[in-house]
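Chains as they are written, first to last, in numbering that gives the first Met the number 0: chain G, 0 to 490; chain Z, 0 to 359; chain B, 0 to 342.
A few of these clues could be false.
[As the list claims (entries may be wrong)] Far from chain B by the CB rule (all over 12 angstroms, computed), these chain Z residues:
| hint | residue |
| --- | --- |
| 1 | F43 |
| 2 | L122 |
| 3 | L135 |
| 4 | P191 |
| 5 | I196 |
[Said to hold, decoys possible] In silico DMTMM-like cross-links for lysine to aspartate or glutamate, where the CA-CA straight-line distance does not exceed 20 angstroms:
| hint | chain 1 | residue 1 | chain 2 | residue 2 |
| --- | --- | --- | --- | --- |
| 6 | Z | K212 | G | E384 |
| 7 | Z | K343 | G | E448 |
| 8 | Z | K348 | G | D43 |
| 9 | G | K64 | G | D147 |
| 10 | G | K298 | G | D269 |
| 11 | G | K312 | G | D269 |
| 12 | Z | K211 | G | E367 |
| 13 | G | K264 | G | E470 |
| 14 | G | K482 | G | D217 |
| 15 | Z | K293 | G | E384 |
| 16 | Z | K211 | G | E384 |
| 17 | G | K371 | G | E438 |
| 18 | G | K425 | G | E448 |
| 19 | Z | K237 | G | D297 |
| 20 | Z | K211 | G | D339 |
| 21 | Z | K293 | G | D339 |
| 22 | G | K169 | G | D147 |
| 23 | Z | K237 | G | D318 |
[Claimed, not checked] Among the chain B residues that face chain Z by a calculated CB cut under 7 angstroms, a handful are:
| hint | residue |
| --- | --- |
| 24 | I122 |
| 25 | F134 |
| 26 | M138 |
| 27 | K309 |
For the record, the hints were derived by calculation from the structure and aren't laboratory data.
Beta carbons: idealized from backbone N, C-alpha and C, even for Gly.
Below, each chain spelled out in residue letters.
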Amino acid sequence: MTFPGVKALDRVDFTLRKGEIHALMGENGAGKSTLIKCLTGINDFEQGEIHVDGIAEPVRNHSTKDAQEVGISTVYQEINLCPNLSVAENLFIGREPLTKIGTIDRKAYTERAQKIMDELGIAVDVQKNLENYSLAIQQMVAIARAVDMDCKVLILDEPTSSLDDEEVEKLFNVMRMLKSKGVGIIFVTHFLEQVYEVCDRITVLRNGKLVGEYPIVDLPRLKLVAAMMGKAFDDLQSLKTDEAESISDELEISAKGLGHTGTIKPFDLDIHKGEVVGVGGLLGSGRSELARAIYGADKANSGTLKVKDKDVKINQPIDAMNLGMGMLPDDRKAEGIIEDLSIRENIMLALQSKNGMFKLMTRAQQNEIADKYISLLSIKTPNRETLVKQLSGGNQQKVILARWLATNPDFLILDEPTRGIDVGTKTEIQKLVLELAKEGKSIMFISSEIAEMLRTCTRMIIMRDGEKVDELSDNLTEENVMKSIAGGDKK
Amino acid sequence: MNIKPWLQRIKKSQLLLPVVAMILVMAVNIIHDVATGAGAFSFFKITLQQTTSNGTILYGRIIDILNRGSEAALLALGMTLVVSASAGTDISVGSVMSLCASFCCMLLAGYGVSSTNDLAVPLAIGVIAGILMGCLCGAFNGLLVARLNIQPMVATLILYSAARAIGLLVCNDLIVYIRNDSFGFFGSFLGPIPTPIIITAICIAILALVLKKTALGMYIQSVGINARASRIAGLNSKMIIHLAYIICGLFAGIAGIVASSRITSADSNNIGLYLEMDAILAVALGGNSLGGGKFSLAGSIIGAYTIQAITTTLYALGVSTNQAPVFKAIIVILIVAIQAPPVKAYMRKRSLNKTSKGVA
Amino acid sequence: MNKLKKLNLNSHTILLLITIVLFAVLYCLGCVLYGRKGFTHLQTFLNILITNAGLICIACGMTCVMLTAGIDISVGGLVAMDCMMLAVGMNKGIPAPVMVLLVIITGLVFGLMQGFFVGYLQIQPFIVSMAGMFFTRGMTAVISTDQVSITKESSSLYYAWANYKLRLPFGGYVNNKGVYNAPYIRINVVIALIVLAVIFFMLRHTRFGRSLYAVGGNEQSAAMMGLNVKSVKLRAYVLSSFLCSIGGICFSLNTMSGSVQQALGLEMDAISSAVIGGTLLTGGVGNVIGSFFGVLINGTISSIVKTNGKLASSWPNILTAALLFLFIVVQSIFAAIRNKKYH
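Please put together the full structure from these sequences, using the hints given.
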C-alpha cells in the first residue's frame, strides 16, 4: 500500500498467535491503521501475503465481509452499530433466525442474544435500544457480535479512549476470557499502562516500517517509548544557537487552572515573549487539547487566561486571533485547508476574517501577500491560483503556516507542523520557528518527535492522560523527556 | 496555433454545462424555425413594436426569455449562496415570494379590500415592506438551519407550506387587485425595455459588486467547503450561513414584487408556484455542486435563463404549459446523473483504461 | 412494574405519546366547540378516515422512505397521475380491475426508477423525487388536461366500489326526523387500514423492515454489518411508490375524478404527518402508527376549520406548519441532548 510520495506500509511482518493479546503500537502515521485496513480488506495491498490458520491459500480480503468469513473481525473506536436498534438486533441484523413463514424469529434471537451477553458477563437488557447504553457497553456488543460470528482474530482499534477506568477493567475481563477461548486479539491503543496490564506481546511500527516485535517482559516502558518515537537525526542537531538572549521576562500567555471537561484537566502555564515551548506526550495525552483550550477551538470551561498581562475571555477562535494568536491544527485535512479554494485564498483567509467582511483587500494586495509567502516558504506550485488540494502535504502545510504568518501573530500554536512531511521541509519549518522566536514571537510547538522539539524548544511541557505532568527546561535531554512521557511504573 | 490547452480549459470550466445547454436550446429553436419556414435566425430577431398600452417596446423571443426568466434568475442568485454555504436548498422561496406579494398588495390596498384604484399607503412603503417580509422569512429559515442545526430542506419545509397560506390569510382569502399604474410599473416597461429585466440586471450587478468588494463570497465558499477549518481560521460560520438565508429571502421578496406587479394583483395560490424548483435547477445547471462549496454566480444566472429558454422553446414547439414539466424532469435527471459519483467513477476508470492502453 | 419497563420509555416513545395526546386534545376541542354541529358523532371521525384514506397509505410509504433518511416528494404528482389514468381509462371503457392493476404496475416501475437513482447512482433523494414530481405532474397533463369524472356510465363496477357503504353495528344516532343513521365507512378506509396493519407488521417482523431502520440509523454501520444498503434503498422507494399507487386508488375512490390540479401539496401533507408522528427526517426512527395519528391530526384540523365555516381556508396549512415547526424544534432539542450525553 503506498500513498503518493510516502509509503504507508513498507514490508512489515506481523504474526498473531492463537490465544494471545498483541499490542500494535506506533505514533500518528506509523502505519497501524493501514496494516489493519489491509487485514480487514478495506485497503488493498501491493506486495506480501496474509495467512490464516486452517486456510491453505494466502488470504486476500476485498471487503469487511470477506474478512469476517475468514474469521477476522474489527471493532472500531467509533462503533459501527446502529444506535436506534435494540442490543439483540445489533447482534443479529442481517442474519436473524427466521420463522416458518419468513418473518424474523424475535423470541429466538432475543434469547440467544441474552445468553451471549450473559456469557460475557455483561448485564444488559437486550431488548432495549443500544443508544440507552454507555459507549463501553456498545463496544462490548460490537465485540459480542464479532465473537458470535466465529471470529478467530479480533482487532480492537483504540477501544479504550472514551472509557473510564471501571469500564476499561470490564473490557479487559472480556478480552482475557476470549483469549482463554483461543481468540487472537490485536489491541491498538495509546495508553501504555493498559498495554502492560493486558498484553502478551508488542509490535512497534514507525513511519510505515517495522521497528520490532517484543515479548512484553523484554520491553520496559522507556524502551517502548524510544521505539515508538525514534532517535534524533544527527545531521540536524545544531539548529539551536543563542536562543536564550531573545527570551524576555514579559509574559505572553498565562493560564491558571484552564481546562475542558472530558478532554483536559485544569493546568497552569506561562509562556514568555520570544519563547519556544514544546509540548510532549503521546497521541491522546492531551497535548492538542491543551492548545485548543487556550485558542478557544474547544472553549475552556474552567480557569482564567491572561494575555499580555490582561485578563481575557476566549469564546471562539476569532477572539483568540484578535488577541494576536494563531493556531495550525494537527488535522490538516479536517481543520486546516479549505481544499477547493486557491492558494491565495487559503493564505488570505485568516487575515481577511480578522479584518472583517467589509474590508476586502484588493486583488493586488492579496497577490502581493500570497507571492511573498510563496517565495518566503518556497511553496512549490505552478501559480498562486492553483487549488490547494492539488498540492503535496508538505506544501499544504506551508500554505496554512503562511495563513498564520500573514496575520503577524504574537503567539503561534503549531500542532504537529511536520507530520507527513519530507525531511527537507521539516528542517525548513524548524528553522522558521527559531527565526520567529528571535523576532520576539512566542511559539507553542507540539510534536510526536522528541528530537525535533529538543532542537527547537527551550522548555518542554509533558502531558500524560489529559494532564500536565511535568515541565523540563534545564535538564532537557531525550532520555529525561522519554522518562517523563512514559511515566513511572505504578505500584 | 495550439488549440488543445484552450479546449482543455473549456472542458474544465464550470460554465461548460450551462453554455452547452443554452447552445443546444438555441439550435433546437433554429432547426424549428427553419422547418416551419420562419427564417433561420428569427429566434434572435429583436424588433420595435408599437403597442397601445405601453408605447414603443422591444419585441422578440430573446427579450421574452429575459423578461419571463427574471423571477427565476432572482431566486437563483439567493439560492446559489444558500446552496454554497449550507449544502442544502431553500425550498420555501416560491411560497415566500407569494407571501411577500400578498403582504405588499395588502398594505397597498388596505386589509380586506379586494380591488382598488387608489393606494392606501405610498407605493414605496408597500414595496419595501414586502421585500422586508422576504428578509424576515429568510432570517427564520436561517435561524433553523444555522442556529438549530436542522437540515436545510426540512427547515424550509415549514415556510414552504406555511408562507403561501399566511399570504392568503393576509389577503383575507381574496385575490387583491391593485389597479394603479404606478404598481404595475415593476412588471411592465421602462421605455422600450421590460422593467423586470432592468430590476434583475440591477440586482445581479449589486450582488456581483458585493461579492467583488467584500469578502462575503470567500467567507461563504470557505464555510461551505470546510466549516471546521473556517472556524479555526476565525470565521463565524453560523452567522455566515444565517446571512446567506437572509439574502436568499431578500431576493425572493424582490421576485415576489415583480411577479405580482406583472399581474397587478396578489394571487397567493399561483405566484411563485414551483419556482423554487426552477431556482434549484438553475443552480445545478450552472455547474454548481448541490453539496455546497465553490459557486459560480454567472453559471446560475445562465442556468436560470436556459431553463426559461427551454420552457419558451417547448411552448413554441406546441407543448402545453402543463406538459412541459415532463421534459424538465428528464433534463434534471440527466444533469444530476452525469454528476453522480458512481457515474463519474465509471467514466474516470474508462478514460484511465483508454490512456493506459494508449501508452502500452 | 415489569411491563412498564418493557415499554422502552425513551425520547421516541415520548414523541409518539405527545402525538396521540395531541390528537385526543384536538378532537376533544372539536367536540366541545362544535358538538352541536355533529362533531361528536362517530361519523365525523369516520369521515376524516374516508377523506384521508389515500393519505394514510401514502404516509405509510413516506415513513418507510424517511426511515432510510430519504424523502419522496413525487407522491402528490403520482396520485394525480393515478387518478387521471383511472378516470381516462375507465371513460375509454377499460374494465376497472385492469386499470387498477395498470396503476399499480406503473407505480412499481416508477418506484424502481427512483430507487435506482437514489440507491445505485447515489443522487440526493430530494432531487430525484423532485424530478419524479415534475415527471408525474407533466404526464398527468399529457394524458389529459381536462377535468375527467368517473361516472356510473364509465364504469359501473368502480362506481359501485366507490359508493359501497360498510355499515358499522354500533355508534349510530337518531337524527331530528327520527331516522336511525348507522355509521359507515367506505372501501378505501378498509384498504388503508389493511395497508397500515401490513406495513406495521413488516417494519417490526421482517428482515427488510429492520434493515430500513438499520440503514437510517447508520448507513456505514449497516454496510459493515453486511446489509446491501443500495438494494434496501431501492426497495424502500419501490415500496413508497407502490403504496402511493394504492393511496392514489383510495384517493380516486373518494374524488371520482382526475385533473391536473389534483393532490397539489399532498407530498407535504404526507411528510408533515410522518414528522408529527415522530418520524425523524434524519432517519432510523419512526413508526407508521405515529404517521397514522399524524394524518388524523391533519384531518382533524381541516375538519374543525371546515365545521367552523367562517375561518379562512388557509388555517389548516398554517396550523399544520406550526405543528411541524414545533415537532422539528423538539426533535432537534432531543438530538442535541443526546449528542451532549455522548460527547
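Hints, verified against the model:
no.: 1; hint: F43; in the structure: holds, 28 angstroms
no.: 2; hint: L122; in the structure: holds, 26 angstroms
no.: 3; hint: L135; in the structure: holds, 15 angstroms
no.: 4; hint: P191; in the structure: holds, 35 angstroms
no.: 5; hint: I196; in the structure: holds, 26 angstroms
no.: 6; hint: Z/K212 / G/E384; in the structure: holds, 19 angstroms
no.: 7; hint: Z/K343 / G/E448; in the structure: violated, 41 angstroms
no.: 8; hint: Z/K348 / G/D43; in the structure: holds, 17 angstroms
no.: 9; hint: G/K64 / G/D147; in the structure: holds, 15 angstroms
no.: 10; hint: G/K298 / G/D269; in the structure: holds, 19 angstroms
no.: 11; hint: G/K312 / G/D269; in the structure: holds, 17 angstroms
no.: 12; hint: Z/K211 / G/E367; in the structure: holds, 18 angstroms
no.: 13; hint: G/K264 / G/E470; in the structure: holds, 16 angstroms
no.: 14; hint: G/K482 / G/D217; in the structure: holds, 17 angstroms
no.: 15; hint: Z/K293 / G/E384; in the structure: holds, 14 angstroms
no.: 16; hint: Z/K211 / G/E384; in the structure: holds, 17 angstroms
no.: 17; hint: G/K371 / G/E438; in the structure: holds, 18 angstroms
no.: 18; hint: G/K425 / G/E448; in the structure: holds, 11 angstroms
no.: 19; hint: Z/K237 / G/D297; in the structure: holds, 16 angstroms
no.: 20; hint: Z/K211 / G/D339; in the structure: holds, 19 angstroms
no.: 21; hint: Z/K293 / G/D339; in the structure: holds, 7 angstroms
no.: 22; hint: G/K169 / G/D147; in the structure: holds, 19 angstroms
no.: 23; hint: Z/K237 / G/D318; in the structure: holds, 16 angstroms
no.: 24; hint: I122; in the structure: holds, 5 angstroms
no.: 25; hint: F134; in the structure: holds, 4 angstroms
no.: 26; hint: M138; in the structure: holds, 6 angstroms
no.: 27; hint: K309; in the structure: violated, 11 angstroms
Checked against the numbered hints listed earlier, the structure breaks hints 7 and 27; every other hint is satisfied.
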